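Protein chains in written order, with this note's numbering: chain D, 1 to 179; chain V, 180 to 282.
Hints were generated in silico from the structure; no laboratory data involved.
Small disclaimer: the values here were computed from a predicted structure and weren't measured.
Check the hints yourself; a few may be wrong.
Cβ pair distances, simulated, as ranges [as the list claims (entries may be wrong)]:
#: 1; chain 1: V; residue 1: 276; chain 2: D; residue 2: 124; range: 52 to 62 Å
#: 2; chain 1: V; residue 1: 279; chain 2: D; residue 2: 133; range: 46 to 56 Å
#: 3; chain 1: D; residue 1: 151; chain 2: V; residue 2: 273; range: 29 to 39 Å
#: 4; chain 1: D; residue 1: 25; chain 2: V; residue 2: 188; range: 29 to 39 Å
#: 5; chain 1: V; residue 1: 279; chain 2: D; residue 2: 145; range: 27 to 37 Å
#: 6; chain 1: D; residue 1: 96; chain 2: V; residue 2: 208; range: 46 to 56 Å
#: 7; chain 1: V; residue 1: 279; chain 2: D; residue 2: 123; range: 57 to 67 Å
#: 8; chain 1: D; residue 1: 71; chain 2: V; residue 2: 269; range: 13 to 23 Å
#: 9; chain 1: D; residue 1: 151; chain 2: V; residue 2: 276; range: 28 to 38 Å
#: 10; chain 1: V; residue 1: 261; chain 2: D; residue 2: 136; range: 25 to 35 Å
Note that the Cβ used here is the ideal one computed from N, Cα and C, for glycine as well.
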Amino acid sequence: MFEMIAFYTFAFLIIASFIVVVTSNNALYSMSALASGMILISGLFFLLNADFLGVVQLIVYTGAVIALYAFAMIFFDTTKNLIEVNSKKIIFLLISFSTILLVFIMTAPIKSEAVTALHPIHQGVGNTQDIGIVLFTKYLVPFELAAVMLLVAMIGGILMAGKKMDMLVANEEIQEATK
Amino acid sequence: MNLSISLEHYLLLSSILFFIGLYGVIVRKNLLMLFFATEIMLNAVNIGLVAISNYYGDLTGQMFAFFIIAIAASEVAIGLGLLVIWFKRHNTVDLDSLQSMKG
Chain D
1 MFEMIAFYTF
11 AFLIIASFIV
21 VVTSNNALYS
31 MSALASGMIL
41 ISGLFFLLNA
51 DFLGVVQLIV
61 YTGAVIALYA
71 FAMIFFDTTK
81 NLIEVNSKKI
91 IFLLISFSTI
101 LLVFIMTAPI
111 KSEAVTALHP
121 IHQGVGNTQD
131 IGIVLFTKYL
141 VPFELAAVML
151 LVAMIGGILM
161 AGKKMDMLVA
171 NEEIQEATK
Chain V
180 MNLSISLEHY
190 LLLSSILFFI
200 GLYGVIVRKN
210 LLMLFFATEI
220 MLNAVNIGLV
230 AISNYYGDLT
240 GQMFAFFIIA
250 IAASEVAIGL
260 GLLVIWFKRH
270 NTVDLDSLQS
280 MKG
């Protein structure tokens, strides 16, 4: 009973806030709605016994990603309203693609009834310990690769959004023009 | 009346959120909104993976969701850096301004 109330509350709130994200004309409203949706999704993760992922969702998405968007928004002039496309062709494409995808999503669990767990969840062991054991034994190489990827992304982000970058680009243009 | 929440509930929620994100990607012309819609799609997939992980008693789904979160974080860092450069040079975040790249 509790699970049902929690699921429906979270589900409706998430859908409502994400609809605000994609339909709002004001980028600031969109960003706030996105943040609230992310926090509510972490509630769903706690409901699904994935405590570790719920906390990661809170820290990474609302702590890092939304903060990054908020800082990047300083650079943009988002007061201008851009013209949106509303052609019949795009709506038709969206509906047909959604329908095909929905059939696949809903029939996939029926097809995979005989699936056995590759890394079963242990009863009586905390979710974080369970994830840690699997992550540092079976998924160690992807984990290290993800760490290197995050480092590369951090360096790239600093380099591209840094103050010197527009001057670098301008210098290159001058050099090309004088050649 | 059956009061328990099944896997299908979560998959339906996940697909609804995915379609909201897809609608945003297709219809919006603002590049920043495109990034928001991409985040929505990644989160929708995460919900599906974690739900399957819970209902099948398998940790693999949570592992995949974990790596998707890492990829989303680096995507935002790189993408926003590129977007800042684009805005500095062209003074717009309109998607159609990218068509000048066409040869």
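Results for each hint:
At roughly 57 Å, the beta-carbon separation of residue 276 of chain V and residue 124 of chain D lies within the given 52 to 62 Å, and the hint holds. In this structure the supplied range 46 to 56 Å holds for residue 279 of chain V paired with residue 133 of chain D, their Cβ-Cβ distance being about 51 Å. For residue 151 of chain D and residue 273 of chain V, the hinted distance range of 29 to 39 Å is satisfied, since their beta carbons lie about 32 Å from each other. In this structure, residue 25 of chain D and residue 188 of chain V meet the distance hint of 29 to 39 Å, their C-beta atoms being roughly 32 Å apart.
About 35 Å separates the C-beta atoms of residue 279 of chain V and residue 145 of chain D, a value consistent with the hinted range of 27 to 37 Å. For residue 96 of chain D and residue 208 of chain V, the hinted distance range of 46 to 56 Å is not satisfied, since their beta carbons lie about 22 Å from each other. Restraint check, residue 279 of chain V to residue 123 of chain D: a C-beta distance of roughly 59 Å satisfies the suggested window 57 to 67 Å. For residue 71 of chain D and residue 269 of chain V, the Cβ-Cβ distance of about 20 Å falls inside the hinted range of 13 to 23 Å, so the restraint holds.
A hinted range of 28 to 38 Å for the beta carbons of residue 151 of chain D and residue 276 of chain V is consistent with their spacing of about 31 Å. Residue 261 of chain V and residue 136 of chain D have their C-beta atoms about 33 Å apart, which keeps the hinted 25 to 35 Å range intact.
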